[in-house]
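Enquirer: Residues per chain are reported as follows:
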Amino acid sequence: MADALLQVQDLRVEFVTRRGQALVLNGVDFELRRGETLCVVGESGCGKSMTALALLRLIPAPPGRISSGRVLFQGEDLVAASMARMREVRGNRISMIFQEPMTSLNPVLTVGEQISESLRLHAGLDAGAARARAVEMLQQVGIPAPQRRVDDYPHQLSGGMRQRVMIAMALACRPDILIADEPTTALDVTVQAQIFDLLRELQRDKGTAILLITHDMGAVAEMADRVMVMYAGRVVEQGSTAQVLGTPGHPYTQGLINCLPELGSSAHAATNSERVTLAEISGVVPSIWELGSGCAFHQRCAQALPRCAEQVPPLFALDGSGHGAACWLLGQAEVAA
Amino acid sequence: MNDRAASDILLSVTDLKVHFPRAKPGWFGQPELVKAVDGVSFELRRGSTLAIVGESGSGKTSTALAVMRLSPLTAGRIQLGDTELGALQGEALRQARRRLQIIFQDPFSSLNPRERAGAAVRAPLDLMQVGSPAQRSARVAELFTAVGLRPEQQQLFPHQFSGGQRQRINIARALATNPELVVCDEPVSALDIAIRAQILNLLVRLQRELGLSYLFISHDMAVVEHICDDIAVMYLGQIVERGPRKAFFANPLHPYSVALMSAVPTVHGGRARAAQRIKLSGDPPSPINPPPGCRFAGRCPVAEPACAAELPPLRELAPDHWVRCRRVELVDGVPRAPLQLPTA
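Protein chains in written order, with our numbering: chain A, 1 to 337; chain B, 1 to 344.
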């Protein structure tokens with residue numbers, strides 16, 4: 001694809017432990033286009049954060065390593081790049097913000113110093129110019145009185161302000177890609193709304209592509225252009241937001257959408273205390289040691305076929321372009337038709 | 001709640017205050033008071049669920065801990081049935097504790113990693129000397145089954161369970177002494193989304209079967225709308241709105257309640273909802289020196305100068321529906337919110 005900024009092909013990450021080898025990413029394929037937001041959804045342990053870390057070659061090694069696959073960033077394979085090249089890419093062309101802003105900021109440096117660091121390193125600015133740019137960035141992310149706040153330490157800021165500082169740091173060098181790993185999970189909903197607004201606004205102004213990792217389907221509906229659902233180290237469904245949320249193909253995606261109450265549930269209740277039983281996804285995510293053969297979801301799937309326990313389903317194409325789900329039920333329909 | 005019989009009320013909290021002293025920096029500074037809970041009153045009907053929602057720092061967890069007598073009370077009355085909990089001390093308080101139990105947010109840190117699951121559930125029975133030792137063993141097995149675990153899993157340690165299963169152990173432990181009141185402090189917030197429905201369904205089923213009353217603390221409006229019978233919204237240590245579930249969610253009155261609901265992203269709302277969102281600027285003010293008037297006035301999109309001058313009282317504007325906002329008006333007997341929820 002001409003407009004693909006990042007192409008990930010058959011990415012595999014394994015961890016070698018005393019119990020043997022564990023494949024935490026098992027052939028992940030996707031692409032990220034310029035200026036779009038791609039959401040990665042899934043439960044803990046599905047590999048969504050590992051995918052983000054693998055893109056930046058930040059997998060803790062040992063025990064982990066990228067065992068195969070390619071990460072093509074504007075045509076250049078980052079898996080094969082040297083460490084010196086990766087240092088040029090990180091924080092400059094591809095940057096990342098993390099879930100907990102307090103633990104990812106350095107408590108003994110002022111926020112100005114932390115924002116300046118990447119500017120001095122990557123853009124070659126001197127201390128004065130970097131500081132001026134840091135103030136400008138703080139202004140852009142909506143921090144009041146940036147001239148004063150630039151000399152604050154992280155503990156002097158609220159959670160929402162800290163996350164704004166993280167965003168300012170990540171965007172200082174005008175990266176092509178921003179990876180946001182659950183950036184609002186530790187924040188209140190009203191602050192989450194502010195951060196989402198900010199990300200949308202900055203994306204519109206700068207054309208940054210965003211890879212947003214989340215577990216909140218509401219956040220997906222609000223932020224994503226396209227969605228990728230992961231389960232046990234594989235992509236089980238991907239497509240545009242309307243396709244994946246409107247006509248989900250994989251039973252797991254359907255489960256994720258239906259398992260939580262949405263705002264407005266009391267309007268349908270006949271009495272004040274009437275409530276529906278929520279649709280559950282039974283069981284838990286299997287551990288990576290217990291995956292066995294076949295579709296990793298088959299033990300929790302109400303519609304599983306005998307074949308599901310034996311063979312891993314490929315991604316079947318669904319309605320329209322780019323929507324696919326890895327489920328034998330769809331293969332079944334295809335054969336029947 | 002005038003029309004309801006007094007016996008219907010399990011928990012009645014009146015003018016609860018929880019203030020924490022905080023040393024002021026410097027040598028000569030006066031100690032400051034953090035007013036975590038500042039005059040909160042509510043009632044919980046037997047067999048029902050009252051949800052307290054609010055953001056971090058609103059005082060919802062401090063309220064829960066005060067009701068549990070796990071944090072010092074500054075002032076106020078906590079009446080559980082006929083017992084004045086706030087006045088109990090020592091052994092009398094310890095004996096009363098079998099009537100109230102709590103489920104914490106984090107299923108990882110709320111279980112002792114070196115204690116087997118069965119022993120954790122059995123501990124309250126041993127402490128309260130409920131029944132004979134043999135009866136206690138049978139009770140533990142029964143509790144494991146009731147929360148959807150297998151009795152033989154009693155022998156396992158917490159790390160051998162998933163997050164959802166650990167929360168089931170916490171629920172079993174809370175139910176061990178047959179409590180009347182169960183305080184649920186964000187019981188599903190730390191769980192994976194696919195597991196939350198399992199735990200919410202379990203809580204609803206146990207309430208129906210055992211007649212439990214829940215004080216449900218949460219920040220998640222959608223979960224609260226699903227599970228509560230009544231809701232109270234807290235902001236900076238005070239209740240700003242309180243009402244029955246259907247009435248509240250159909251017509252939230254306080255501007256903060258409206259903003260909070262509007263902030264929740266939904267699958268169906270998508271981007272249209274985000275575009276129409278009511279935007280709150282800034283962060284809540286400090287609970288150390290709260291502003292004199294309405295505590296939300298500084299961030300309220302519809303505040304008037306008078307709002308910041310005087311603290312508005314909680315007014316009952318519809319049956320059981322109370323709101324602390326001077327701008328809510330009665331139009332033809334129906335309360336009208338000064339700030340409307342966007343329709344998308």
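FYI, nobody ran anything at the bench for these hints, they're computed from the structure.
Errors might be hidden in some of the hints.
[Said to hold, decoys possible] When the alpha-carbon atoms are kept at most 25 Å apart in a straight line, the in silico DMTMM-like pairs for lysine to aspartate or glutamate are as follows:
no., chain 1, residue 1, chain 2, residue 2
1, B, 246, A, 136
2, B, 279, A, 274
3, B, 246, B, 304
[What the hints assert, rightly or not] Here are some, though not all, of the chain A residues that point toward chain B, as calculated from beta-carbon distances under 8 Å:
no., residue
4, 66
5, 109
6, 268
7, 272
8, 275
9, 278
10, 289
11, 303
The structure presented is a predicted model; accordingly, all values stated were derived computationally and were not measured.
Glycine included, every Cβ here is placed at the ideal spot set by N, Cα and C.
Enquirer: Could you run down the list of hints and mark each one as holding or not?
Expert: The hints, checked one at a time:
With a CA separation close to 47 Å, the supplied pair residue 246(B) and residue 136(A) exceeds the 25 Å bound. At roughly 32 Å between alpha-carbon atoms, residue 279(B) and residue 274(A) are farther apart than 25 Å, so this suggested pair is violated. At most 25 Å may separate the alpha-carbon atoms for a hinted pair to count; residue 246(B) and residue 304(B) exceed this at roughly 29 Å. With 8 Å as the threshold, the beta carbon of residue 66(A) stays out of range of chain B, its nearest partner Cβ sitting at about 26 Å, so the hint is violated.
For residue 109(A), the interface hint is violated, the least distance from its beta-carbon to any beta-carbon of chain B being 22 Å, above 8 Å. Here the hint on residue 268(A) is broken, as its CB sits about 10 Å from the closest CB of chain B, past 8 Å. Annotation: residue 272(A) was flagged as interfacial toward chain B, and the flag holds, the nearest CB pair being 5 Å apart, inside 8 Å. For residue 275(A), the shortest C-beta to C-beta distance to chain B is roughly 6 Å, which falls under 8 Å, so the interface hint holds.
A least Cβ separation of about 4 Å between residue 278(A) and chain B falls short of the 8 Å threshold, and the interface hint therefore holds. Proximity of residue 289(A) to chain B is violated relative to the hint, the smallest CB-CB distance being about 13 Å (cut-off 8 Å). For the restraint placing residue 303(A) at the interface with chain B, the shortest Cβ-Cβ distance is roughly 16 Å, beyond the 8 Å limit, so the hint is violated.
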